[in-house]
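**Student:** Fit chain P to the given chain E structure using the hints.
In order, the protein sequence lines correspond to chains E and P.
Residue numbers for the first sequence follow our numbering, beginning at 57 and rising by one.
Residue numbers for the second sequence follow our numbering, beginning at 57 and rising by one.
Among the hints, a few may not be true.
As the list claims (entries may be wrong) - Where chain E lies over chain P, by a calculated footprint (3+ residues, C-beta under 8 Å):
1) 123 to 129
2) 182 to 194
3) 205 to 215
4) 285 to 294
In short, the hints are calculated from the structure, not lab data.
Just so we're clear, the structure is a prediction, and the values are computed from it rather than from any experiment.
No residue lacks a Cβ here, since even glycine has one placed at the ideal position from N, Cα and C.
What follows is the residue order along each chain.
There are 2 protein chains.
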Amino acid sequence: MISVAVVDAETPGNVGTIARSMKNFGLSELLLVDPPELDPDGEAYGFAGQAREDILPNAREVSFDHLTENYHTVACTATTNEGDANHVRFPAKTPRELADSLGEVDSDTCIVFGRERVGLTNDELSRLDEICSIPAAGEYPVLNLGQAATIVLYELRTVTVERTQHPEELHPHADQRAVDGLHEEFTRFLDAVDHPDEKRQKTRRMFRRVLGRARPTGREVSTLRGLFRSARTKITRLDSDDE
Amino acid sequence: MISVAVVDAETPGNVGTIARSMKNFGLSELLLVDPPELDPDGEAYGFAGQAREDILPNAREVSFDHLTENYHTVACTATTNEGDANHVRFPAKTPRELADSLGEVDSDTCIVFGRERVGLTNDELSRLDEICSIPAAGEYPVLNLGQAATIVLYELRTVTVERTQHPEELHPHADQRAVDGLHEEFTRFLDAVDHPDEKRQKTRRMFRRVLGRARPTGREVSTLRGLFRSARTKITRLDSDDE
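Chain E extracted, bound-state conformation (with noise of 0.2 Å):
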């Protein structure tokens, strides 16, 4: 199981924001080490969205060492930037490397957030087992203590999430019959618009370029060929109409 734990958090927004993300990425354990004070009715419990009925009643205040002793512990930090030479904050993972890792280990892990403007310190960082570190702008690298934590989490939904709230495709593609349908249906469109002979070559090929960049669904396909179907058909009545 991976646990998420706040060290000394001096904003109970923050600690609200972090008990949501938890819920959102399926996480459910979280320990606080010297938490700033949980008001029902102040900025945790309103920020923590429906972890308010949950993760946050059941947040357990707990020491430092108690996270040494019973987890394999991931510190996240902004800053690693000190080489191969020091090795409080270096080596280090990226959340989607520490995503990959995780899915390989079964131990309790927990994964340590520190304080709003300073994070952990060098003592407490020299105790945990890695280094977690966001990559980001080198200009100003440093992130709000919730969106650090909202970030890892996310990276690690595809260790603690089973499913999404997504269908099983986000994007699925039509087959490529379906689509080649499309395109005879489009060449008969042509002909039924009078589309000049010498263009329709050029004509085809901007229309295949463009799906195949929009890699449209099932659905698209069969509606924009409904669309060039009854477009040829009022056509060719109309024209039948006339004679």
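**Tutor:** Same frame as chain E, but now just chain P:
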């Protein structure tokens, strides 16, 4: 260029959070449709970190039409489980897929976020070009506005951030020759400590497995090698003193 728009936000704090995340991930243009009042002494500026110096004061209030008329627009929405029959929120890209696809295009793009509680309306969604949705836990996929924006901007960093705060390699692996040297030193160490002959092969394999999983840096390998060498040297010296 990639811009960010927030439509009809209620909470100044969320606007500040988004501005900070923009600065963390290398974006600068913030567009606000029907924003709340952003008091320089209020939460927007309080939450903006260093973005209070530039992104927030330079944010422009614009109309929704301004977005659709001037940008390739990407709508961010939590719920997309409507399936192929509905075109309002479907198909969609994940933030990572969005980043991959935006890396290929050069036109001005605007990532559009909606209201805290209800997001973007179906009418607004239907006027935007693409849909992006963050995969989250099926039971509770609705993120706080600031958190959702942070995740999308984090994924866009591959397009928007030129240089992160990290050293070239966050985890440079020792070259294989150095690792081999450590294993040779470890073998001599086993010899020095009179490790039983019949166990040596197994112990060497154990050490190879541990190092293999740890992927040590060059510095770590040379430190470990130095330690084993110190032990062996000291044992050898004491042994010869005994004689």
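**Student:** Hint by hint, which ones does this structure get wrong, listed from lowest number up?
**Tutor:** Violated hints: 1 and 4; rest satisfied.
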